[in-house]
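Student: Just so you know, the protein sequences line up as chains A and B, in that order.
Taking the numbering used here, the leading residue of the first sequence gets 1, the next gets one more, and so forth.
Taking the numbering used here, the leading residue of the second sequence gets 1, the next gets one more, and so forth.
Treat the hints loosely; a few may be bogus.
[As the list claims (entries may be wrong)] Just the calculated beta-carbon pair ranges, DEER-fashion: (1) Gly107(A) with Phe478(B): 38 to 48 angstroms; (2) Leu156(A) with Thr527(B): 54 to 64 angstroms; (3) Leu156(A) with Ala380(B): 22 to 32 angstroms; (4) Ala380(B) with Gly107(A): 20 to 30 angstroms.
For the record, the hints were derived by calculation from the structure and aren't laboratory data.
Every residue, glycine too, gets a C-beta built ideally from N, C-alpha and C.
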Amino acid sequence: MKNIIIGLMALISATSVFAADSSSGCGMGYEVAPKQSLVSSSTRSLVNMTFSNTIAMTLGTSGCAKHSIVKNEAKGIHFAEANLNVLAIEMARGNGEFVSTFASVFGCQNSSAFGSMVQAKYETVLPSASTSGVELYNNVKAQIKNNATLASTCSLI
Amino acid sequence: MRLLLLLVLLSNLIYMPAAFAAGSLSESIYANLLPVQKDYWLKLLHYYKDTSRADGENFFLSPVGKTNPGAELEATIDSFKDPDAQAGWFKYHPQCVFRERYNFLKKAGLLNGVPEKACPDFDEWKTGLNADSITLVFSSSYPNNPSSLFGHTLIRLNQKGKTNDLLDYAFAFSAIPEHDDIGIVFAFKGAFGGYKGLLEVTKYYTKVNEYNNGESRDLIEYDINMTADELDRLINHLWEIYQTTYFDYYFADENCSAVLVDILAVPFNLDRINDHKRWYYLPSEMVKALKEIPGRIKAEHYRPSLKKQLEKKLAKLSKVELLETRMFTETEEELPLDYNQIPVLDGIISLLDYTRYRTKDNLSDDQKVLFRKALLRRSALAQDKNNTPEIYDQSNSPDLGHEPRKFSLFLRTEETHSLVGLELKQGYHDLMSNDQGYDAFSQFDYFTGSLIYDKKLNRVSYDQLLLLNLISLHTYKFYDPQFSWAAKIVADRIYDLDCDLCHRVSARAYLGPTIRPTPKMAMSLMTGVFGEATKNYKHGFRAGIGFEGSMLFQIFETIKLGFFDELRFDAAHKYKKDYYNNAGVKYSYFSGPQYEWRVESSVVSKFGSFKTNTWINQLNYGFFF
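Bound-form chain A, shown alone:
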């Protein structure tokens, strides 16, 4: 957790360099925070609502980032933040495309074992309806480390 906080702060500092340069640095696209389309601003807001400004800026998904390539270390957090709703559902069932993808961001090849674990530890990894994506990510990571099979096979933890 501590490492993540430090990492986030470092990234925020880096991005704020660009954020400060509003005259020449950010340009058109980078001043527009939420990505919305003409037909559905309200639903876009709903989908993106899980992103706090801090997280979004840190991950280069909004604000003044030079580009939207997500850093490796932030991939899992970004995924958990963006897909919190669907992950909460698929994890309860222990299966699904988003759960499999979530497994892959931890480098877990055995998505069935991963699905089984997050289902069994559901209340631990998602302790409340308001659990954030970052919390979910960290909780799952901790549970992988506690799981003998996953700890030895998930390559990115």
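Could you slot chain B onto chain A? The hints should help.
Tutor: The following block gives chain B in isolation, referenced to the frame of chain A:
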């Protein structure tokens, strides 16, 4: 495959050195380019009819680059040679911003002796994309939302060695609306300008979430065959747009797909994929254009909307299970702590998930509690190990639809009058047209005009001038309780008075439920307000309440039948006496994807009486183009 190889070989032509002395920077540089090189340069600059559609100043290195491709070429070469030059939003060296221009000019022999700059940010971006191929993603319309009836497209960059699609990056061109703009302002600015459109790069899962879940739209994914060189050129070009420019956004011809197809025209420069044939551009045209090139599309995949996923899940429930699902979600019945019916729990979860999106995250407190309980309870039961994808009807592919414009000829009788006429419709689809490739039983007609010749009167007149006729027959379901609606603005004929070739201006806005007893049938009942104005009316206008009922049947793939009845009461005057009714039956026969025959019969009552009527019969032949 052979054709592809041929295309690859031909594509090398664009990099053949031009027949001029490299380094000689005169205005003749552009003039001396080979035609295929000129064409490529214009594509890189997004030229359309002598002007670039790119609107960001950073996109041009010459002050006149937007309208003068030769000057832009010269300025680009100059800037590439200047070691201190800067360009784009982040003030990189121009070589690091205009990557595809650089590669093109270098291979064309126009940058001999120019040292190449290191571009670490571009390299990081390109490496991060890790692209191996691309997929064109078509999104169906947003249910019951007319502003998205045309659909949407985006491009997914498939990562090398991937095990899933969700972590890929996606590119989309979207308008950036002001947050506080209301719907009518959206429409106005979309039509006449006012929004800026930007290339957006994001993870594909955000798009799946937005379209599949947030807006309940189907996604059809078309995997594209392309060479490594084509892919490279596409990514280079995406970067130069991404770093420099926006495009003024217009619904009609500078929309999400129009700009995207111009971007794809860079790597596919020898394919004619971005012919802008009309004054508007449809997302389905992009799919059609790529499908028409042999071998370009190698596979198709389908992602059903959240609504379709819910429907599939509910359809699998037994009657008792469905009743229980509805009991828990619609009444105050509490979910027992030891409840263990997996199908019902899955039903509750899917239903509340869909409701959450439909209500824009406005679940009641009770629903939120139930949702959490159902998730916790479900997690304590057996793992879902079914990895077999559900089967959905995928036959209604957007590329199969008829062309949007239509020209018709018709013969008509109006009581004792015989008429001949012709009609031109600018777009797009109506209730009696072939639904293949379109949303079934939908209508979005605009800019339609017709002329008639009345033989008895020996007069030519217009029959109707239609601005808009929109009917959204959204099916009313317990999990999606939305009304259908209709809106129409037209100048058309008056039949309820004894007045030959007389016209009025009419508008209506109706609302009501639609049910679909079978997928091939729709029944609708709507009511709302209308207004009519003409000098032929006693008071010059009518305004009141209208009702319309309709029944539509798709009998075979080639035949449609529709029954309509509309009753209008003029509430502005004596509404009990001031009314008229228009009942009709319509029959369509589709003799080919672009051809249709129609027989229509209607009876319009005289104003204030059901006893005297005007009978109208018509035979119509139309073709789409």
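Student: If a hint holds in the structure, say so; if it doesn't, say that too.
Tutor: Here is what the structure says about each hint:
A hinted range of 38 to 48 angstroms for the beta carbons of Gly107(A) and Phe478(B) is consistent with their spacing of about 43 angstroms. Look at Leu156(A) against Thr527(B): about 59 angstroms separates their beta carbons, and that is inside 54 to 64 angstroms. Taking 22 to 32 angstroms as the suggested C-beta distance range, the pair Leu156(A) and Ala380(B) conforms, at roughly 29 angstroms. Between Ala380(B) and Gly107(A), the C-beta spacing of about 28 angstroms keeps the proposed range 20 to 30 angstroms intact.
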